[in-house]
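Novice: Working from the sequences, and respecting the hints, build out all of it.
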Amino acid sequence: QMIRLGPDASFALHAGDFVIDADREESWAEEWWIPMRDLLLHCPIYPTMGNQEEDSAFYYRYFSSLGGRGVNYSFDWGDAHFVVCKIDEGDNEQLAWLEADLAANRNAGLTVVCHHVPPFSSTTSDTGGIPYLQDTVVPLFEKYGVPLNRIFDFIPEEYDIFCIKDRLDDIAAALKRDG
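The opening position of the sequence shown corresponds to residue 740 in our numbering, with each subsequent residue numbered one higher.
Honestly, the hints are just simulated from the structure, not real lab data.
Small disclaimer: the values here were computed from a predicted structure and weren't measured.
The reader is advised that the hints may include incorrect statements.
Pairwise CB distance ranges (calculated) [to be verified]:
no.: 1; residue 1: 829; residue 2: 882; range: 32 to 42 Å
no.: 2; residue 1: 806; residue 2: 762; range: 30 to 40 Å
no.: 3; residue 1: 815; residue 2: 886; range: 13 to 23 Å
no.: 4; residue 1: 832; residue 2: 752; range: 20 to 30 Å
no.: 5; residue 1: 882; residue 2: 814; range: 16 to 26 Å
no.: 6; residue 1: 846; residue 2: 763; range: 23 to 33 Å
Cβ atoms here follow ideal geometry from the backbone N, Cα and C, with glycine treated the same way.
Specialist: Pasting the structure below:
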């Protein structure tokens, strides 16, 4: 379906939770490689480590070529700068990496950030999101001019589907304008 909806897509961002049991090679085959084979042949996929993949030797084996062991890395596409990161509470090294990357690329025509856990959410549990991310990561996005509608994250039970169309429209317009 993704190929049908975006036949000219240059790449795809994946916001994590590729498989249910990331420590089983069979899970990767059954839940990732086989179902995604057509898309993988169509365009590159830039992954974000989700909680399902955490500490999985297979995740590191498959994605470490992206830098940062496939956990924290960034890349440029035209005038756009894409940041893929995993920020754990209390991990100052990850936070310092994110700030250094945003600072070094503050003049990019467009910056998009992809990470797994959303800083804000509107769920039936009414948690409102992750205070650590709200207090530390969101201010970095604001400091370096990354609008919250250019932040992609995904936790299915906290996913706000109504936001995605506006996010995609905004990014597509900015890429056309900037590139």
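Novice: Give a verdict on every hint.
Specialist: Verification of the supplied hints:
no., hint, result
1, 829 with 882: 32 to 42 Å, "20 Å, violated"
2, 806 with 762: 30 to 40 Å, "23 Å, violated"
3, 815 with 886: 13 to 23 Å, "18 Å, holds"
4, 832 with 752: 20 to 30 Å, "23 Å, holds"
5, 882 with 814: 16 to 26 Å, "21 Å, holds"
6, 846 with 763: 23 to 33 Å, "44 Å, violated"
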